[in-house]
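Which chain is which? The protein sequence lines are A and B, in order.
For the first sequence, counting from 1, position 311 maps to 311 in the UniProt record's numbering; every step adds exactly one.
For the second sequence, counting from 1, position 210 maps to 210 in the UniProt record's numbering; every step adds exactly one.
It should be emphasised that the hints constitute simulated quantities derived from the structure, not laboratory data.
Honestly, I wouldn't trust all of these hints.
Said to hold, decoys possible - Stretches of chain A that chain B covers, calculated by requiring three or more beta carbons in the stretch to come under 8 angstroms of a beta carbon on chain B:
(1) 159 to 173
(2) 260 to 271
(3) 280 to 290
(4) 676 to 683
None of the values given here were measured: they were computed from a predicted structure.
Heads up, the beta-carbon is just placed ideally off N, CA and C, and yes, glycines get one too.
Number of protein chains: 2
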Amino acid sequence: MSSRLLTSLKKVPVEVYPVVASVVGGCVLSGWILVHNFNSSHEFVINKKKGWPYMEEEKSRNEYIKRLFHKENINSGDEIADRRKEESDMSATQTQTTIQGPSTTIDAELDKIKQIFSEELTAGIPEELPEMPQWDESIPHAPKRPITFTEETFKLAIRNALRYFPSKFHAQLAIEFADELRKYGHIYMYRLRPTSYEVRAYPIDVYPARCRQAAAIMLMIHNNLDKKVAQYPHELVTYGGNGSVFSNWAQYRLMLKYLSEMTEEQTLVMYSGHPMGLYPSHPGAPRVVVTNGMVIPNYSSKADYETMYATGVSIYGQMTAGSYCYIGPQGIVHGTTITVMNAGRKYLGVEDLRGKVFITSGLGGMSGAQGKAGVICNSVTVVAEVNEAALRKRYDQGWIMEIVSGLDQLVERLKKARQNKEVVSIAYHGNIVDIWERLAVEDELLVELGSDQTSLHNPYHGGYYPVGLSFEESNQMMVENPDLFKEKVQESLRRQIEAINTLSSRGMKFWDYGNSFLLEASRAKANVMDEKGKFKYPSYVQDIMGDIFSLGFGPFRWVCTSGDITDLDTTDAIAADIIESIMKKEEEKASSETKKREVTKCKLQHRDNHQWIKAAKSHQMVVGSKARILYSNAPGRRAIAAAFNEAVRDGRVKAPIVIRETSNVYDGSHNTADMAVQNFVGDSFRGATWVALHNGGGTGWGESINGGFGLVLDGTPDAGRRADLMLGWDVLNGVSRRAWARNENAEDAITAAMEEDEQLVVTLPHHASDDVLEAAYRGGK
Amino acid sequence: MSSRLLTSLKKVPVEVYPVVASVVGGCVLSGWILVHNFNSSHEFVINKKKGWPYMEEEKSRNEYIKRLFHKENINSGDEIADRRKEESDMSATQTQTTIQGPSTTIDAELDKIKQIFSEELTAGIPEELPEMPQWDESIPHAPKRPITFTEETFKLAIRNALRYFPSKFHAQLAIEFADELRKYGHIYMYRLRPTSYEVRAYPIDVYPARCRQAAAIMLMIHNNLDKKVAQYPHELVTYGGNGSVFSNWAQYRLMLKYLSEMTEEQTLVMYSGHPMGLYPSHPGAPRVVVTNGMVIPNYSSKADYETMYATGVSIYGQMTAGSYCYIGPQGIVHGTTITVMNAGRKYLGVEDLRGKVFITSGLGGMSGAQGKAGVICNSVTVVAEVNEAALRKRYDQGWIMEIVSGLDQLVERLKKARQNKEVVSIAYHGNIVDIWERLAVEDELLVELGSDQTSLHNPYHGGYYPVGLSFEESNQMMVENPDLFKEKVQESLRRQIEAINTLSSRGMKFWDYGNSFLLEASRAKANVMDEKGKFKYPSYVQDIMGDIFSLGFGPFRWVCTSGDITDLDTTDAIAADIIESIMKKEEEKASSETKKREVTKCKLQHRDNHQWIKAAKSHQMVVGSKARILYSNAPGRRAIAAAFNEAVRDGRVKAPIVIRETSNVYDGSHNTADMAVQNFVGDSFRGATWVALHNGGGTGWGESINGGFGLVLDGTPDAGRRADLMLGWDVLNGVSRRAWARNENAEDAITAAMEEDEQLVVTLPHHASDDVLEAAYRGGK
């Protein structure tokens, strides 16, 4: 299919577009049709009356309906497990089954949701207080916040919460909110959590809105709070423990109301979860501007955060929680995939990891992505995990292919897998240090790449389990004898480094995965520093990702707002075709030396992402909204966005991208945040549908500033223009900053970009020699 | 004249506009004509050939020419003093003399400047290194930066500086920059300081530019670096000790080059002084986006700043330095005037301070404005100053009217002035504590209002001089015996509070002027806390200004880019007329109770500013660019901007406004910065010509986040639309935030604004009673 699509894209679409156009003709009012997978073997029916397409096979459709009207209080843990199983099956079988057209039942159900939404989402804070929903034990809930209130802050928290409600409810709510404060350390306003519908991303035309952009944002918010997506959905936390969409359910209701009534002449202003209101603007302006956790820098301690969060005046939006564009674990799988591919390229000089062994540890949370990423890279991947429950979960989810216990068995399995060049992910139930020490004494070097993803941000309270103790023994000791446990952790880290050093001296390549492994090892006095006082091993952020970011490559995500999985297939195919076409086109037209050099480097990155996007569907990583991630550079993003916009016409692709402050800048500017702020503001007037600026991403409150945006591609020429202008800026700003910081890849990338656009004029650095600097430094001595 | 102008504005201009229009007709190409004071007694000539108007009386014109070609290395301190005297005379006599048309000499001189600019400003970093300019002793220079370099940071600073230059110059420049680092703690690149022209705000059409907005920004930058305006012009510091426009002269040259070549399809991106480059955008986008000192919050210590500044990767832009809109001491005179007027209103219940006595201290730096402000308020003002040089300077400048030494003499003079209701400013040469203690024992209460503006941010190193020691004794002791000096300061503060307490108990009203007076007094264990553990006296920021800001009133500045003082007169008159008209109109149409309440409060603020603008000219506060400041609210700013834009047509009014994070919010959000960031981004897509976001204003690095903008009013309908949309947002965002924080004035103001614009929909707070909160808090006990 890809070659046909490519042809059509090149020619001005003849095969695809007329069909889409006719669809559009039938549903201009709702306007939310996405292009379909015309070349697949699926049948499909466009529901012209409702204006959105529906196709899923029978089983999943039943499941779908069930979810739509799912009442949480009749939920049980088993039921959820069943549903998860069902959906996993569904996603596996979806493309192998002939899909039937939508039944009228589905229409009716969505009509009901539409009806509910048209009443509830437009109502804002309800005029009468709803019943208190039952506490749902089957859903994970946030732990109690670590805050001690003074009388003043306690009352302030309640006073601030009450300002959302008329005074007739104050007496009742004050007591209730005080109760929440005492029990949970925060006022979530559970009473306002909606129960007449399940919170999840519905097809976009179900949302009541006066402009399509607003409906798209509603969908994204619902996805971030979907119980299948969010970490603590009832506490409005999407991920990362405290990455919030809102501070409380009143803000949720108020924001949806504003979105339901906003026009293209207004902009909704979000102050750290609080919807300040709608302000007159214009159609070219963002529909929503989000700031999260913006604080005066010297008042950005963790204690400040706890107080500001508890009193409802700020939230920690992480990166994609408070900007409404979280797409589940797929992002981390992709990031890990790219890291491993580039590690192979950089450290082993190979483009294919088949037959190479990658060993690491950790299968909980984000580290759980390692097995899947290793498989997408074609490697033999071994991940050690001490916690059997976590290990089983990943296995059950299909994120790991085999489980091995015992070192002899592991060594046997490794040898066989290497020999046969198997593509396999193996979970080892036990301690990673045992693996390293065993491999260090094997005659044959059985591992090419090594890393570690234990949670060393938190080494003494369960983030790291020392070798020699069982999981249970560790859990006991860390509570009962924390000093001894700390000793054990440090001893374990020293042994781990020792074995890694041995393997490294024999040719293994090891890198730090940004989990403070090297830092904690150095604190444990492990032999991890070189003679210059630097770490012996590189950090992936700096050594691997930095080079990639410098080329302008970074995360590019999109969501198919129809909620239709085949739309996602189509966009995957379009993206793959565009990447192929770009690799060819760029090579052909590269004239200057700089451009040629840049094209060569970029081609490898494009290739990795091509490999990713081709395999992505089969790895079943979609949870919640139908979303995809890949990395691309400025020309790539612009071309993909243009192709989506063109191919879609009256359909829609939303491409939220989050750009982070990153390392690998050599000019001492690593703690500056000008780039993030410039991106945010520059996107805002170049056409973003919404923009967001956050204090702290994965690195924690006060530890970074990052900006992001969402862009609605609705098939109009205007959307195409916006995408082109904004995506060019967004990427090239980051590249410029890296170029100015003397990053060679970035200098090539920005020089190449200037060759193509004479309106782009960027200051480039001259490089000074060490000799000159030495002379200047010694001059005065 | 004002009534005539008002009539014309109301009717659609018939008297004024045709004249302007005809002017416009003659100079479309240069396009930088401002409206003139047609109703004054001045003659005027429009120079059609050059496209800009010129009129000054003969003497000042000579002075003007002299300045244009002034070579600094032939400068002497005396000459500067003479020039200042001359200009002071000029500004005093200007409006009382019939002004002649411009001579051809002037045209020729400006032609020369234009020629020089067309070569130098467009060149950027020169291809050959210019001669090192001579060190100019007559100009104040920044003290050496307080930084200790490591070898790494020392070399990094040089490496970063060298990146602006091709490698053939590196050997020479590295030695030179190392020398600057050792001598000054910073690399200013003195060699690149321009010497073929004097840096100052020239008439706008002298600047080489492809778009008018860029030329306007050039003018503003030049004004900020004018030696008559800037604190340390050669170190690129405009005010506040380290409020920088750039980090070095290479950045200056590069930015002017970019501005000279930019089109309306590009945006210049400024990263903390560094011009990153021109990026494609569109005519509706800002021409320049400035971020200064944006850092990751947890890396915002003073030491971080020193290192980042020294290595050239960040600057402290203060508020108006790094955003190119400093207008000299006028701003602080206005702020002090408004404060004193509102103190009289709030604390004394009077609208006229005639016959009331205001006593304070400090005549250096910003505190120097107190005498002039007191006079504009019609009060009897006494300012104590221990430093005779500072006191003499203010007297010579005409900022103080009389000098008194000796307490008996002061008391005599005070009694007389009170009795005669004199409008007079008196400098007392001596210690403020002596005054307070003497007045405390006088039978008659001789003072109604009291404050203090000693530099208590820096109490032990010259910011405060203790009573009982002479100025010289203090200077000696703080160096030779700092511990004893500290004791003396604290004892002095205790005595000062004691006397103030006595006077307050008898009816004097005292307030803290934001100079940490109360804080340091409490640290000195002075009797300054009430029974609840709060300060006994209010802070002006919270108690006085907060109420004003809540109404939406805040600084509104404009610059007449023709450089013509009569243009400023005209705009003063237009502003005064608009204020009158608004007071009337608002009162007439106030229908709801809220609106009536809001109008009543606003009227008082409008009246203060009317009094200010009527008197402003006579107080001779214009230094550098022809600029004015006043406070207004959203309707006021929009109306004034519209009137300027309309009245000007093809002339130009530039209205930079800086909005600060302020106090007086009751919901615990005082340390959040969402509002500042929202203002910055919201202005950017609503039509600002440039926007800026800063870390730290007057409060210091890391202590605030504040945003600002500049807007070019060029008389086009587009400019009018932008002004209306942006000024509405900019003010009402701040008001919304204060309203949400339960500030009553702000609630009234935003409610009134919503009544007038149905597109504005703002979340308003419900107020909770203390009883409800008490019950909730006790509930669990």
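For each hint, the structure was consulted:
1. 159 to 173: holds (count 10)
2. 260 to 271: n = 7 at 8 angstroms, threshold three: holds.
3. 280 to 290: holds (count 7)
4. 676 to 683: Since three or more residues must qualify, the claim that chain B covers the segment 676 to 683 of chain A holds, with 6 doing so at under 8 angstroms.
Violated hints: none; the structure is consistent with every hint.
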